[in-house]
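Visitor: Sequence:
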Amino acid sequence: MTRYDSWTPEKGALIIGDMAAEGRTALLPILHEIQASFGHVPDEAVPMIAEALNLTRADVHGVVSFYHDFRETPVAPRVLKLCRAEACQAAGADQVARRVAERTGLACGETSADGALAVEAVYCLGLCATAPSAMLEGPGVEGGRRLGARLGGPRLERLIDEAVR
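Note that the working numbering gives residue 578 to position 107 of the sequence shown, counting from 1, and the numbers run on in steps of one.
The set of hints was computed from the structure by calculation and includes no laboratory data. For glycine and all other residues, C-beta sits at the position ideal for the given N, C-alpha and C. Don't take each hint at face value.
Stated by the list, open to error - Across the chosen pairs, the derived CB separations fall in these ranges: (1) ARG574 to ASP489: 35 to 45 Å; (2) LEU618 to TYR538: 41 to 51 Å; (3) GLU581 to ARG629: 16 to 26 Å; (4) HIS539 to ARG495: 14 to 24 Å; (5) PRO518 to GLU557: 37 to 47 Å; (6) ARG636 to GLY597: 37 to 47 Å; (7) ASP632 to ALA484: 40 to 50 Å; (8) ARG629 to ASP514: 35 to 45 Å; (9) SER583 to ARG495: 30 to 40 Å; (10) ASN525 to GLN566: 44 to 54 Å; (11) GLU581 to GLU493: 16 to 26 Å; (12) GLY623 to ASP489: 25 to 35 Å; (13) PRO480 to GLU581: 30 to 40 Å; (14) ARG495 to PRO625: 20 to 30 Å.
Construct all of the structure, not just a fragment, from the sequences and the given hints.
Guide: Set out below in structure tokens:
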């Protein structure tokens, strides 16, 4: 089950056209909307965005490749993001990652064989005071995303249960 539309230049043009009037400042909002609609920023979208905003393809590609949340290829419908920043490291992020790998068979940067779940490392969810933390995104997750904090024991097990559902 996918939550994203299939990319077509026509659908991309609608998104870009609706936002391009804002000029160059629309680059990030356009990229976010493209990714929210299609699950990634397709290569075919880059020249369309560049032309609409009077930017070079290199400018647009540079932004897509610089920001880790932008994807150039489709991602699994469910993504478990494990915080690997310093505060989470100090509070047990390695143990969280090990337990996730034990239960799912996935290390950070891997996707399940059926393509349903991906596990990713992120470098700060803004929950440093409640480390270690993670975020689960995808269909069936209330509100589309759920943050997990002070992960360990039953909290971690519940988050993993939800991820593999």
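Visitor: Next step is simple, just say for each hint if it's right about the structure.
Guide: Outcome of the hint check:
1. Taking the beta carbon of each, ARG574 and ASP489 are about 42 Å apart, inside 35 to 45 Å as hinted.
2. Under the hint 41 to 51 Å, the C-beta atoms of LEU618 and TYR538, about 20 Å apart, miss the expected range.
3. A hinted range of 16 to 26 Å for the beta carbons of GLU581 and ARG629 is consistent with their spacing of about 22 Å.
4. Checked against the hint of 14 to 24 Å, the pair HIS539 and ARG495 passes, with Cβ atoms roughly 22 Å apart.
5. A hinted range of 37 to 47 Å holds for the C-beta pair PRO518 and GLU557, which are about 39 Å apart.
6. A C-beta distance of roughly 26 Å is found between ARG636 and GLY597, which places it outside the suggested range of 37 to 47 Å.
7. At about 41 Å, the beta-carbon gap between ASP632 and ALA484 stays in the expected band of 40 to 50 Å.
8. Range check, ARG629 to ASP514: about 38 Å between beta-carbon atoms, so the 35 to 45 Å window is met.
9. Distance hint check: the CB atoms of SER583 and ARG495 are about 39 Å apart, consistent with the given range 30 to 40 Å.
10. For the pair ASN525 and GLN566, the beta carbons lie near 49 Å from each other, so the given range of 44 to 54 Å is met.
11. Taking 16 to 26 Å as the suggested C-beta distance range, the pair GLU581 and GLU493 does not conform, at roughly 38 Å.
12. Our hint of 25 to 35 Å for GLY623 and ASP489 is violated, since their Cβ atoms are close to 45 Å apart.
13. Here the CB-CB span from PRO480 to GLU581 is close to 32 Å, well matched to the stated 30 to 40 Å.
14. Checking the proposed 20 to 30 Å range against ARG495 and PRO625 shows it is violated: the Cβ atoms sit about 48 Å from each other.
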